[in-house]
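With the sequences and hints as input, model every part of the structure.
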Amino acid sequence: MDEKKYQQLEQQLTPKPAYLKNCLAAFITGGFVCLIGQFVALFYITFFDFTERTASNPTVATMIFFAMLLTGFGVYKKFAQFAGAGSAVPITGFGNAVVSSAIEHRSEGYVLGVGGNMFKLAGSVILYGVFSAFAVALIKSILVALGVISW
Amino acid sequence: MGIRNWLILGIIICLLTGCSSKVGFKTVNTTEEDGKQAEAILEDDPRIKNAVLLIHDDRLIAGLRVNTFDRFRKRTIAKEVGDQFKELYPGMDITVSADSKVFLETNKLIEQQNKDNYTKKMKKLSKLVKEET
Numbered sequence: 001m002d003e004k005k006y007q008q009l010e011q012q013l014t015p016k017p018a019y020l021k022n023c024l025a026a027f028i029t030g031g032f033v034c035l036i037g038q039f040v041a042l043f044y045i046t047f048f049d050f051t052e053r054t055a056s057n058p059t060v061a062t063m064i065f066f067a068m069l070l071t072g073f074g075v076y077k078k079f080a081q082f083a084g085a086g087s088a089v090p091i092t093g094f095g096n097a098v099v100s101s102a103i104e105h106r107s108e109g110y111v112l113g114v115g116g117n118m119f120k121l122a123g124s125v126i127l128y129g130v131f132s133a134f135a136v137a138l139i140k141s142i143l144v145a146l147g148v149i150s151w
Numbered sequence: 001m002g003i004r005n006w007l008i009l010g011i012i013i014c015l016l017t018g019c020s021s022k023v024g025f026k027t028v029n030t031t032e033e034d035g036k037q038a039e040a041i042l043e044d045d046p047r048i049k050n051a052v053l054l055i056h057d058d059r060l061i062a063g064l065r066v067n068t069f070d071r072f073r074k075r076t077i078a079k080e081v082g083d084q085f086k087e088l089y090p091g092m093d094i095t096v097s098a099d100s101k102v103f104l105e106t107n108k109l110i111e112q113q114n115k116d117n118y119t120k121k122m123k124k125l126s127k128l129v130k131e132e133t
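From first to last, the protein sequence lines are chains A and B.
Going by the numbering used here, the letters in the first sequence line up with residues 1 to 151, in that order.
Going by the numbering used here, the letters in the second sequence line up with residues 1 to 133, in that order.
Read the hints as simulated data drawn from the structure, not as lab findings.
None of the values given here were measured: they were computed from a predicted structure.
Among the hints, a few may not be true.
[Claimed, not checked] In silico SDA-like cross-links for lysine to any residue, where the CA-CA straight-line distance does not exceed 20 Å:
| hint | chain 1 | residue 1 | chain 2 | residue 2 |
| --- | --- | --- | --- | --- |
| 1 | B | K124 | A | T54 |
| 2 | B | K123 | A | F48 |
| 3 | B | K49 | B | S100 |
| 4 | B | K74 | A | F50 |
| 5 | B | K121 | A | T51 |
Next up, the structure:
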């Protein structure tokens, strides 16, 4: 069997992913995660001295905490199988990535195993998150300096 | 209907009732100043759908709720309204914000009708609005 034939066969056998269904599931579940986040934000606004602007920090922390607990109990895995991108794109996906790699490398010890591998996947999230924040802030600073927009 | 269907129905009703929170425009004025002008500014602005206004001592605090798509410009809207108020009431400490916190807390203050509390709470809210972190 040559390379071309193999590729043809492979394409025939690979099941087509249900794009529309996956998109719909991600849309609904991602929206549901955000709804929970909205309730958490409302909780902080109502019961503590947070405004809409300042409530975002504790909300993010709480959502990550929830995702970490659910990952530890093995619930997030089941949820993610159905939700797909709906569970990975919101901030809860970050918590899941951190804890699941920590659990995976537990047997290698606390320092080289858990410590060294915890941010294996989340590290790229942090790196590119910081970089894109820098890029956006730079663009905004330039636009403000030119007088196009205000802060 | 099974219990699951009732539960789903209950959740949907609870979520939909959130859409009908009509506070309208509320003004409480405990001073000699003319509060009607400020109220007119708020009511005439088509971008604002709900507003609570409290004028007490030398302080004015206004919590706005803007239309859904104007939320992108809610800080600009609050600033514009604030500037108009500053022209109307020079010498007053003015806080205008489209933040939910200010809206909810001011509304609560008005509904509790405890005038002794006003100054303390208003000071606290003004401080919260200025916080950047």
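For each hint, the structure was consulted:
no., hint, result
1, K124(B) to T54(A), "holds, 15 Å"
2, K123(B) to F48(A), "holds, 16 Å"
3, K49(B) to S100(B), "holds, 13 Å"
4, K74(B) to F50(A), "holds, 18 Å"
5, K121(B) to T51(A), "holds, 14 Å"
Figure legend: structure checked against the earlier numbered hints; every hint is met.
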